[in-house]
Every structure is written in structure tokens, then in C-alpha cells.
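If you read the sequences in order, they're chains A and B. Sequential numbering from 530 applies to the first sequence in our numbering. Sequential numbering from -3 applies to the second sequence in our numbering.
Any given hint could turn out to be false.
A partial selection of chain B residues facing chain A, derived with a Cβ cut-off under 7 Å [to be verified]:
1. G24
2. H25
3. S27
4. V34
5. G38
6. R51
7. L79
8. G80
9. S82
10. S90
11. F102
12. G103
Derived by calculation from the structure, the hints in this document are not laboratory data. Glycine included, C-beta positions come from ideal geometry on N, C-alpha and C.
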Amino acid sequence: DQQVKQNSPSLSVQEGRISILNCDYTNSMFDYFLWYKKYPAEGPTFLISISSIKDKNEDGRFTVFLNKSAKHLSLHIVPSQPGDSAVYFCAAGGETSGSRLTFGEGTQLTVNP
Amino acid sequence: DAGVTQSPTHLIKTRGQHVTLRCSPISGHKSVSWYQQVLGQGPQFIFQYYEKEERGRGNFPDRFSARQFPNYSSELNVNALLLGDSALYLCASSHSDSAGANVLTFGAGSRLTVL
């Protein structure tokens, strides 16, 4: 049962343009969502999070949008930079589930110069 | 400040053997979690320990076990290794036992190959 899904294994964009990474979930009990970025040979690095009671959170070039009715969230990166090239994971958790996060499969973002 | 450190970084074992992976959390973090990442998939939750007590367990067989020490470091043990146990094993630490207000910080992982 894949409760968090990232349907696009890969995404390629030009430097300076917008990158939009998508994530769908099935469990309406999730209380918060996070995006992590992973470079090869490194652990996942936290990017940005959003509570289920909000619909948008912004941090510099990164914005996460949450559509609870559609059980969908997206990460926008504007403007995209070559250093953003990495695997991006969407993750979800609950207030009563400790540090148990449910991750999606990941999307490989490539930003071309 | 040192981040989450894991050892060893890489190791190769054969089927049926046993492996122990180690993790040191960020100083001051009392919660340690273990995740398994198989190639092409996202990390999957194995265990969480907080103040030396198990706080959560994922859908993994009893061959997987873990413990947390008084200094909050942790070990993950896997017995009777199978080929399917080949994966990147990630350790994460946080201040509290809830990831909601305290984001997980991951180590670089231990890459296990089972032949």
C-alpha cells in the first residue's frame, strides 16, 4: 500500500525556469508533509515542510503547496539552478506517529545550464 | 557541530551472515530512527528509539533489531541476511520523539551489499 506517491521518476528543466515536483497521498490522517533533497553518497537533507492546516509555505526559492481535497502537494523551485539537481523525496507524518515518516519513491530533478 | 555519523559507510556480507550498523546522533538529540532505502525507492521506516526505549517499529521481520545506548547512539542489527537486505541504511536523529515540530536530520548512510 503506497500511501505517498511521486508519479514522475524524473524531471528536466532549464536553469532559471520553474521546477514543479508533484506528490500524491492517500492517508487523510497525515498531519504534515516534508520535502527532502538527496545527492548521491549523502543522506536526505530537509528542504521545507507544511502543516496539514496550511495550503502554502515559502522559504526563499522553495514553495510548497498543499491541496487537501485533492490529497496533492507540490514543490516549486524558482528560479531553478544547476545545483538543485538531485533526487527529491516527498514525505508525510502524523503527530502521533513519532518520527515515522512515509516517503514517496523520489523524483530525479536535472537542471540544465 | 558534527552531524549524524554512521559506520561503516560500505560493507559486503554473504547470505546468512549477521551485520551491525552504528549511528551517533547530533549532540543533544535523544531520538534516533532507522530507515532502509532500496535502490529506486524512498526510505522505509524500520525503528525509532527515544530515551533508550523503542517508540515505533515498521513492517520488518524479527531478523531486524536495534537498541539505543545511554549516550543516545544506536545500533541496528540484522541477522540471517538475505539478498533483499541489500540497501542503504539511513539513521536520523531529532530533538524529540515527534517529527512534527522537529525535523529529522539524516546521516549519509551505510551501504550494505549481500552476496
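Next on the checklist: Hint compliance check: list the failing hint numbers for this structure, sorted ascending.
Outcome noted: Result: hints 1, 2, 4, 7, 8 and 9 break, sorted rising.
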